[in-house]
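As you go down the protein sequences, you meet chains A and B in turn.
All residue numbers for the first sequence refer to our numbering, where the first residue is 1 and numbers rise by one.
All residue numbers for the second sequence refer to our numbering, where the first residue is 304 and numbers rise by one.
Any given hint could be a false lead.
Coverage of chain A stretches by chain B, computed from C-beta distances (three or more under 8 Å per stretch; other residues unrestricted) [as the list claims (entries may be wrong)]:
id : stretch
1  : 118-131
2  : 183-197
3  : 215-221
4  : 239-253
5  : 259-270
I should point out that these hints are in silico values taken from the structure, not numbers from a laboratory.
As the structure is a prediction and not an experimental result, all values here were calculated from the model.
Every residue gets a Cβ at the ideal spot worked out from N, C-alpha and C, and that includes glycine.
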Amino acid sequence: MVIVQHFVNALQWGSFYALIALGYTLVYGVLSLINFAHGDIFMVGAYIAFFVSTALLASDSFGLSHFQALSLTIPLTMLLTSCVGMTLERIAYRPLRRKGAHRLYVVITALMCGLVLENGNLALLGASRRTLPEMLDKVVYNIGGIAVTNLKIGVIFTALLVFVALQYIVTRTRMGMAMRAVSWDKFALPLMGIALDRVIVFTFVMGSGIAGLGGMLFAMSYPVLDPYMGSMVGWKAFIAAVVGGIGDIRGAFLGGFLLAFVEIMVAAFLPSTFRDLFAFTVLLLIMWQRPTGIFGAPQTTKI
Amino acid sequence: MRRYTLNIILALACIGLVLAASYDKLDSYVLTVLMSMGISIIFASSLNLVNGYMGEFSCGHGGFMCVGAYVGSVLSLICFSSNKMLGAALLPPTLAPWVFPFILLASGLAAAFFGLLVALPSFRTRGDYLAIITIAANYIIISLVENIDIIGGSRGLSGMKRTMNAMRDVADIPWMLIWVIIGTLVSLMLLRRLVSSTYGKGVPAIAQNEVAAEIMGVNTDRMKIVAFMLSSALAGVAGALYAHVFGYVNAQAFNILKSTEGMVMVYLGGMGSLSGSVLAAILFTLLVEGLRFGIPALDSLLHTVNVLPADFTLSQIWKWVLIPLMLILLMQFRPEGIMGNRELSGVFPRLRRWFTFR
Chain A
1 MVIVQHFVNA LQWGSFYALI ALGYTLVYGV LSLINFAHGD IFMVGAYIAF FVSTALLASD
61 SFGLSHFQAL SLTIPLTMLL TSCVGMTLER IAYRPLRRKG AHRLYVVITA LMCGLVLENG
121 NLALLGASRR TLPEMLDKVV YNIGGIAVTN LKIGVIFTAL LVFVALQYIV TRTRMGMAMR
181 AVSWDKFALP LMGIALDRVI VFTFVMGSGI AGLGGMLFAM SYPVLDPYMG SMVGWKAFIA
241 AVVGGIGDIR GAFLGGFLLA FVEIMVAAFL PSTFRDLFAF TVLLLIMWQR PTGIFGAPQT
301 TKI
Chain B
304 MRRYTLNIIL ALACIGLVLA ASYDKLDSYV LTVLMSMGIS IIFASSLNLV NGYMGEFSCG
364 HGGFMCVGAY VGSVLSLICF SSNKMLGAAL LPPTLAPWVF PFILLASGLA AAFFGLLVAL
424 PSFRTRGDYL AIITIAANYI IISLVENIDI IGGSRGLSGM KRTMNAMRDV ADIPWMLIWV
484 IIGTLVSLML LRRLVSSTYG KGVPAIAQNE VAAEIMGVNT DRMKIVAFML SSALAGVAGA
544 LYAHVFGYVN AQAFNILKST EGMVMVYLGG MGSLSGSVLA AILFTLLVEG LRFGIPALDS
604 LLHTVNVLPA DFTLSQIWKW VLIPLMLILL MQFRPEGIMG NRELSGVFPR LRRWFTFR
């Protein structure tokens with residue numbers, strides 16, 4: 001019974017990892033750029049959710065019920081967060097890409113953007129801790145000794161839904177075809193009459209929107225916000241994405257759950273300080289066995 | 304004569320520094336900044352061997368510094384201080400200046416051993432997959448240190464000042480400055496000699512085309528082991544120096560942020576440019592320390608011209624907003640770093656008239 005309870009917790013924790021890892025993998029799949037600012041976009045999403053929901057609930061003029069506020073907050077958060085992601089792409093990455101800078105310089109710029117976001121947040125808003133207002137009336141279902149809240153179920157289903165939707169977009173729609181084409185050959189793409197920049201912006205919008213959604217759900221589950229909450233989760237989600245095979249949506253999804261599963265199980269049976277040690281050792285062993293991740297295609301080099 | 308000018312100038316500068324420090328002409332703040340500059344130089348240039356010259360993307364260099372810092376501290380505590388966890392002092396304090404280099408060496412060796420953690424997977428993986436192995440290695444090392452309770456766990460470890468006091472009792476000269484200078488010069492010389500030697504040409508060959516390098520007879524696996532181990536060994540020496548300069552180590556000081564700092568210095572200076580790394584490390588340290596005074600000045604300036612509301616003060620956190628912003632801007636204008644992949648002699652060819660660069 002305890003194991004099943006841990007399993008449910010791992011599913012919830014993995015959903016957050018998966019939601020962030022999906023954003024990493026989308027951008028990587030298209031641009032082969034590790035967008036290290038992504039974890040901080042997740043954090044920005046949580047803060048945007050905080051401001052939007054507080055504004056919606058505080059003013060009596062709207063007169064919204066909690067459920068209405070929630071259903072308004074979700075799209076608004078996703079929209080605003082994707083604006084942040086788009087801005088980053090526009091002002092930081094695109095000029096570098098145009099200049100043909102080395103790939104790693106773009107990665108460093110991304111890292112710096114993440115630092116600006118988290119420290120800018122701390123500097124502007126101060127270190128006071130904020131809590132997201134309760135928007136969902138908590139219901140605890142008790143199924144055979146396993147406690148499951150409605151929020152937990154919501155988080156897990158959202159992650160699944162996002163995964164299915166993304167998989168559909170990437171494999172079935174024209175935009176998805178264009179995205180796959182960018183990762184195939186960036187230079188042939190404009191010759192085929194596809195606007196490269198539009199595809200890239202679309203990718204960033206989707207990735208950041210999902211991160212915003214993840215940030216909001218995270219803030220609903222663990223309501224204390226902190227400017228540095230995104231960096232640790234972000235690094236771990238990146239690792240999860242790579243273990244799954246970066247650039248592959250199924251890989252990111254599975255990798256997120258795998259990492260969460262290892263972490264929760266280690267924390268359940270050993271002192272929790274061992275969590276990172278064991279989780280990363282397991283991941284290192286997986287990488288040792290499958291150097292390009294679980295779903296990753298083997299790297300080939302043309303001679 | 305031209306062959307020796309650079310060495311002579313460097314030697315004179317170092318002797319000048321040491322003399323100024325020993326006659327108390329430098330206050331302790333300036334001295335600390337100088338020493339952390341030297342440590343940053345070792346850290347950045349050793350990372351440059353892997354990230355710049357070999358073209359890998361190692362994001363976990365801080366972990367090796369952590370190994371070096373802890374091994375160095377523990378050895379120095381075992382040898383020169385009686386500690387309730389690690390037992391009585393093993394050696395008489397008069398031996399401290401003679402044993403200290405061996406402590407540095409041992410911490411370098413220990414870090415090199417941990418470098419294998421990254422070097423062995425690098426045979427099969429490259430690029431971003433190797434990047435996460437390095438990140439994971441960083442996390443693993445820090446987590447490992449935090450879980451060993453005898454060396455302080457997450458509380459950190461202190462007491463290395465006693466070794467320095469023991470050294471000062473032997474002779475009253477600025478020992479740590481001397482060790483940092485020696486460490487910096489030796490590691491720069493090692494790196495320079497390696498990458499300009501025939502054997503070391505294999506390192507940039509791997510960066511350009513690994514398969515071609517292997518066909519041309521470069522033993523790529525061995526080259527990678529050498530590069531990773533040397534790089535992490537130097538990071539370990541930097542860590543041991545850090546531990547003794549500040550007298551306190553904490554595993555979280557070497558987390559992914561420290562690694563990021565190293566990466567910033569490497570890419571700021573230019574990949575594959577040793578003088579670029581040195582310059583970037585100096586500039587970065589100066590920037591961080593300069594903003595310590597710059598931000599209050601900016602704050603009062605903005606208040607006098609009434610840009611900022613009266614109840615809002617610029618705190619030191621703004622430093623970590625301004626520095627990344629400056630770096631982003633720099634990347635926009637000079638996307639290849641300060642020096643590109645050239646050395647000082649390549650950027651200013653006229654310098655060759657007076658110096659030879661080895």
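Hints and how they fare:
With 4 residues having a beta carbon nearer than 8 Å to a beta carbon of chain B, the stretch 118-131 of chain A meets the requirement of three or more and the stated coverage holds. Given as covered by chain B, the stretch 183-197 of chain A fails the check, having 0 residues with a CB less than 8 Å from a CB of that chain where 3 are the minimum. For a cut-off of 8 Å, the count of residues in the stretch 215-221 of chain A with a CB near a CB of chain B stands at 0, and the three-residue condition is violated. Given as covered by chain B, the stretch 239-253 of chain A passes the check, having 4 residues with a CB less than 8 Å from a CB of that chain where 3 are the minimum.
Remark: the stretch 259-270 of chain A is not confirmed as covered by chain B, as 0 of its residues place a Cβ nearer than 8 Å to a Cβ of that chain, below the required three.
The structure fails hints 2, 3 and 5 (numbered hints given earlier, in ascending order).
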